[in-house]
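Chemist: Model the full structure from these sequences, guided by the hints.
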Amino acid sequence: MKDVRKKTIPLLVAVMVCLPFMGCNVARVTLNTTLTPESVAFIVPGKTTLSDVVTKLGAPDTITDADSGVVATYRFLDMKYSRVNLGWLAKPWTPVDPDLIFSRTGLGVDEFQVFCNPNWVVVQQGFQRSVTRPPFHPYPF
Amino acid sequence: MKVAHYFLGFVIAGLLLQGCAFSRGTLGDDVKTEVVTAIQKGTTTKTEVVNLLGAPDRLLQLNGRDVFHYYRYDAKAGSLLLILLNFTRLSVKSDDVFIILNREGIVEEVISSKRTDNLGFRFWPFGE
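Taken in order, these protein sequences are the chains called A and B. Its first residue numbered 1, the first sequence is counted upward by one per residue in this note's numbering. Its first residue numbered 1, the second sequence is counted upward by one per residue in this note's numbering.
Misleading hints may appear alongside valid ones.
Restraint ranges, calculated between C-beta atoms of paired labels, are given here [unchecked claim]:
{"id": "1", "chain 1": "A", "residue 1": "98", "chain 2": "B", "residue 2": "24", "range": "34 to 42 Å"}
{"id": "2", "chain 1": "B", "residue 1": "25", "chain 2": "A", "residue 2": "98", "range": "32 to 40 Å"}
{"id": "3", "chain 1": "A", "residue 1": "123", "chain 2": "B", "residue 2": "120", "range": "35 to 43 Å"}
{"id": "4", "chain 1": "B", "residue 1": "24", "chain 2": "A", "residue 2": "92", "range": "17 to 25 Å"}
{"id": "5", "chain 1": "A", "residue 1": "86", "chain 2": "B", "residue 2": "54", "range": "51 to 59 Å"}
{"id": "6", "chain 1": "A", "residue 1": "135", "chain 2": "B", "residue 2": "63", "range": "28 to 36 Å"}
{"id": "7", "chain 1": "A", "residue 1": "11", "chain 2": "B", "residue 2": "120", "range": "36 to 44 Å"}
{"id": "8", "chain 1": "A", "residue 1": "128", "chain 2": "B", "residue 2": "41", "range": "30 to 38 Å"}
{"id": "9", "chain 1": "B", "residue 1": "120", "chain 2": "A", "residue 2": "8", "range": "51 to 59 Å"}
{"id": "10", "chain 1": "B", "residue 1": "12", "chain 2": "A", "residue 2": "11", "range": "53 to 61 Å"}
{"id": "11", "chain 1": "B", "residue 1": "14", "chain 2": "A", "residue 2": "96", "range": "33 to 41 Å"}
{"id": "12", "chain 1": "B", "residue 1": "120", "chain 2": "A", "residue 2": "86", "range": "29 to 37 Å"}
The set of hints was computed from the structure by calculation and includes no laboratory data. Only a predicted model underlies this, so the values are computations on that prediction, with no experimental measurement involved. All residues carry an ideal CB built from backbone N, CA and C; glycine is no exception.
Modeler: Here it is as structure tokens:
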């Protein structure tokens, strides 16, 4: 009897641990490397040139014309999606295929813009939105 | 005996890879580094740039100067489909080359980066 209990308890614990993950989907989409204020801290307006920025961060996604010079834009995206189908919990006991889905998507889209004068010296820089990174949690409420 | 080992290895590899999915998508032509390095500031002309890289994907105007923009996108997706629990990760990176030409049609500046070189298939969506 003790042997059976010894074998059953770990199995039961494993099933209990796995149950919350049943029917879970976790997905992530990233576009280019996410830039942070720390990764662009080397830029000193009035001193740093666009070449210095390109050496550290790579080529921008777009360069556009502005009245005072040019604007180099770095775009990046960090999208997180998670979904849990709690209907899976009822599947063993019902003849139908029940669904109770909670899902949530977080879009961390941002741009980093570098304004340069006609001599390619950075005069201003900044993030467009300064979004915080979205978390992974499927609870939508 | 050796055949049995190979077969066993094949079965184990098959079991480990079941439920895995690899997908890839690209947009644009590969911009070769050696071609970009052949473009010299102050000497290469607009015609030579077009001969080397083809027509640009975008043509911009900056302070009266022409800018040729060449780009390529590479997307790699890895999925781990464990029936009850699925993980997917899609990574997209781009290679960009900007060639700035002066009013005489001579290359003034070349800005390029190849981000897709270290783009790999990833499955784990957490962390960096």
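Chemist: Should the hint that residue 123 (chain A) and residue 120 (chain B) are 35 to 43 Å apart at their CB atoms be regarded as holding?
Modeler: holds, 37 Å
Chemist: With respect to the beta-carbon atoms only, verify the hint that residue 11 (chain A) and residue 120 (chain B) lie 36 to 44 Å apart.
Modeler: With Cβ atoms ~37 Å apart, the hint holds.
Chemist: Given the hint of 53 to 61 Å, check if residue 12 (chain B) and residue 11 (chain A) actually sit that far apart at their C-beta atoms.
Modeler: With a Cβ separation near 25 Å, residue 12 (chain B) and residue 11 (chain A) fall outside 53 to 61 Å, so the hint is violated.
Chemist: Given the hint of 34 to 42 Å, check if residue 98 (chain A) and residue 24 (chain B) actually sit that far apart at their C-beta atoms.
Modeler: Cβ of residue 98 (chain A) to Cβ of residue 24 (chain B): about 36 Å, so the range 34 to 42 Å holds.
Chemist: Within 32 to 40 Å: is that where the Cβ-Cβ distance between residue 25 (chain B) and residue 98 (chain A) falls?
Modeler: holds, 35 Å
Chemist: In this structure, is the beta-carbon distance linking residue 120 (chain B) and residue 86 (chain A) contained in 29 to 37 Å?
Modeler: Given a distance of about 34 Å, which is inside 29 to 37 Å, the answer is holds.
Chemist: When you take the CB atoms of residue 14 (chain B) and residue 96 (chain A), is the distance between them in 33 to 41 Å?
Modeler: holds, 34 Å
Chemist: That 30 to 38 Å hint for residue 128 (chain A) and residue 41 (chain B) (C-beta), does it hold up?
Modeler: The hinted range 30 to 38 Å holds for residue 128 (chain A) and residue 41 (chain B), with Cβ atoms some 31 Å apart.
Chemist: Check the following: the C-beta atoms of residue 24 (chain B) and residue 92 (chain A) are separated by a distance inside 17 to 25 Å.
Modeler: With Cβ atoms ~38 Å apart, the hint is violated.
Chemist: Can the suggested window of 28 to 36 Å be confirmed for the beta-carbon pair residue 135 (chain A) and residue 63 (chain B)?
Modeler: Violated: the Cβ-Cβ distance is about 43 Å, outside 28 to 36 Å.
Chemist: Honestly, do residue 120 (chain B) and residue 8 (chain A) meet the 51 to 59 Å range at C-beta?
Modeler: violated, 43 Å
Chemist: Starting from the range 51 to 59 Å, see whether the pair residue 86 (chain A) and residue 54 (chain B) falls in it by beta-carbon distance.
Modeler: Since the Cβ atoms of residue 86 (chain A) and residue 54 (chain B) sit about 53 Å apart, the hinted range of 51 to 59 Å holds.
Violated hints, in rising order: 4, 6, 9 and 10; the structure is consistent with all others.
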